[in-house]
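Asker: The residues making up each chain are set out below.
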Amino acid sequence: MNAIANLGRIFLSALERLGRAGLFLAETAAGTVTLVRRFPLVMQQVYAVGVLTLLIILVSGLFVGMVLGLQGYNTLVRFGAEDSLGLLVALSLVRELGPVVTALLFAGRAGSALTAEIGLMKATEQIAGMEMMAVDPVKRVIAPRLVAGIIAMPLLAALFSAIGVLGGHLVGVGLLGVDAGAFWSQMQSGVDFQEDIMSGVLKSLVFGVVCTWIAVFEGYDAVPTSEGVATATNHTVVYSSLAVLAIDFIMTSLLLTEV
Amino acid sequence: MNRKTLELWVGLFVAAGLLAIAMLAFKVGNLATADVLNAYVVKARFDNVGGLKAKSPVTMAGVRIGRVSGISFDNGKYQAVVTMAIDGRYQKIPADSSASILTSGLLGEQYVGFEPGGDERFLKDGDELMITQSALVLEKMIGQFLFGKASETPTNKK
Chain A
10 MNAIANLGRI FLSALERLGR AGLFLAETAA GTVTLVRRFP LVMQQVYAVG VLTLLIILVS
70 GLFVGMVLGL QGYNTLVRFG AEDSLGLLVA LSLVRELGPV VTALLFAGRA GSALTAEIGL
130 MKATEQIAGM EMMAVDPVKR VIAPRLVAGI IAMPLLAALF SAIGVLGGHL VGVGLLGVDA
190 GAFWSQMQSG VDFQEDIMSG VLKSLVFGVV CTWIAVFEGY DAVPTSEGVA TATNHTVVYS
250 SLAVLAIDFI MTSLLLTEV
Chain B
95 MNRKTLELWV GLFVAAGLLA IAMLAFKVGN LATADVLNAY VVKARFDNVG GLKAKSPVTM
155 AGVRIGRVSG ISFDNGKYQA VVTMAIDGRY QKIPADSSAS ILTSGLLGEQ YVGFEPGGDE
215 RFLKDGDELM ITQSALVLEK MIGQFLFGKA SETPTNKK
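Protein chains in written order, with this note's numbering: chain A, 10 to 268; chain B, 95 to 252.
Isolated chain B, as found in the complex:
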């Protein structure tokens, strides 16, 4: 085999391999979506974060506006403190917006959803969201449902 053909094949092979790594990074992995640009940080306290993890998405109106950067436990108030990095493009989020932990689909991953408030002031770096709603814990819901059923059956029989 002459030198030119060999170099061509090796070049093709290396290019294809690098292309495959790039495809894995951008199409399969989260490299394209993971970066939150010029992020500012806001905090929120939750009674229960459920299955929320670092890097879970933060959304508003269903659009991803940031990600959870850390979850810690406040030993004084027995609450979870969730730190979120919000993309710098979204500066005009009302300061009294509420955050709730939601689930995508029935058993999908959990994420933080923002509901806009009516405040004239906007969220700044280091602010804390006051109104929060915890994650729904499936076992608790089933428990409540069963208790509800158990207490209503005798009245039906009367």
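So that you can see chain A by itself, here it is in the shape it has in the complex:
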């Protein structure tokens, strides 16, 4: 009996938290209106979540592209189809790996930092202080971070894919001797702008909303102790990664019309 009541309690509290997160997102979205006048705040956050994440994105993108080049070549060469290497690398990056890996890295690098920052602001009562001074912390602290995350994610994903294709080119053409003309021309004839590239951009846009939303909510909702902030940061990374992978599956099945 107790176990069933426990289950009910956990379910209800999870549901309540989800509801609070939804209301929080709506409040933040309403708060973004005032950002037109406070654009420097957004800029500062784009620097924090975008520019500072750039290095890890570029290095990972390069290596993912190079590994795709190596692995793809080894499989394709068995069928004498190594000319399609460019297509394989570009499609896997643009459609899947670019948005997804970027979102996972973003959650680990920028999301956790956002949660820790906001959680510590709460723990050190800076947020309460703002409220005392009649400054709305959602408008002043949360909204610029959400907007910055949504701006930064598609750009980071595009950079990841672009540098990955270059990495694949480096290994495929430079190291393994695939013909450069075939590499690019097969890629161009196989990658569709609307269906492949724009669907990747759309995915990364959604991931940007979800990852940043989870990060700022976890921070804002954290138990204001050092332990609470640690748990919240941990939750941000875990929940963001799970959400990204689940949403990726759903979006892929909706976007892939030609199965």
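It is worth saying that the hints were derived from the structure and are not from the lab. For clarity, every value in this text was computed on a predicted model and none was experimentally measured. Worth double-checking, as some hints may not be accurate.
Computed list of lysine to any residue pairs in SDA-like fashion (alpha-carbon distance at most 25 Å, straight line) [stated by the list, open to error]: (1) B:K121 <-> A:L64; (2) B:K149 <-> B:T197; (3) B:K149 <-> A:F202; (4) B:K149 <-> A:Q197; (5) B:K147 <-> B:L196; (6) B:K147 <-> A:M207; (7) A:K148 <-> A:T43; (8) B:K234 <-> A:E236; (9) B:K149 <-> A:D92; (10) A:K148 <-> A:A39; (11) B:K121 <-> A:L265; (12) B:K147 <-> B:Y205.
Please arrange chain B on chain A, whose structure you already have, making use of the hints.
Answerer: This is chain B only, laid out in the frame that chain A set:
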């Protein structure tokens, strides 16, 4: 960090990101080649289109002159009707040109290849190509080859 440096970095980041999207669109994707300008539409009937798809290229002498805009099935003649958008720059294609479905490379993608005819009149919007050659279906070819082999072995033994 002072304001100017921060703005510079953010500006660089946004510019690099937009550049990456542009590179994906033009260098990786087909945005540069997909557009067929001032296109006019011609049709052709094939007994079998094989693996031809919408957006497959239409070429003449190996140069891309248009793309397949649609494939439908004619229920009366049991044939596939392929609609092709041809670039408006290429107006002087003889009306009796023939279309065949070809494959680039051994297992590559399929495309429509035009062979010029000798007619004085040129293809116009809505015209239909009369002479067509269907796609080669690999299974049929292998089947024919095996049948050919099977029927010729007894004569060799005599």
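Asker: Compare the distance between the alpha carbons of K121 (chain B) and L265 (chain A) with 25 Å, and conclude whether the hinted pair is satisfied.
Answerer: holds, 23 Å
Asker: For a C-alpha distance cap of 25 Å, please report whether K148 (chain A) and A39 (chain A) respect it.
Answerer: holds, 9 Å
Asker: Between the alpha carbons of K147 (chain B) and Y205 (chain B), is the straight-line distance 25 Å or under?
Answerer: holds, 8 Å
Asker: Hey, K149 (chain B) versus D92 (chain A), does the alpha-carbon distance stay inside 25 Å?
Answerer: holds, 21 Å
Asker: Given the hint that K149 (chain B) pairs with Q197 (chain A), does the C-alpha gap stay at or below 25 Å?
Answerer: holds, 12 Å
Asker: Check whether the Cα positions of K147 (chain B) and L196 (chain B) lie no farther apart than 25 Å.
Answerer: The hint holds at about 12 Å.
Asker: Verify the proposed pairing of K234 (chain B) with E236 (chain A), using a straight-line Cα cut of 25 Å.
Answerer: Judged against 25 Å, a Cα distance of about 70 Å means the pair is violated.
Asker: Regarding the pair K149 (chain B) and F202 (chain A), is the alpha-carbon distance no greater than 25 Å?
Answerer: Holds. K149 (chain B) to F202 (chain A) sits at ~12 Å (cutoff 25 Å).
Asker: For K147 (chain B) and M207 (chain A), compute the direct alpha-carbon distance and say whether it is at most 25 Å.
Answerer: holds, 20 Å
Asker: Could you grab the alpha-carbon distance between K121 (chain B) and L64 (chain A) and see if it respects the 25 Å cut-off?
Answerer: holds, 23 Å
Asker: Does T43 (chain A) sit within 25 Å of K148 (chain A), going by the straight-line distance between their CA atoms?
Answerer: holds, 7 Å
Asker: Quickly compare the C-alpha distance for K149 (chain B) and T197 (chain B) to 25 Å and report which way the hint goes.
Answerer: holds, 15 Å
Violated hint for the displayed structure: number 8, the only one.
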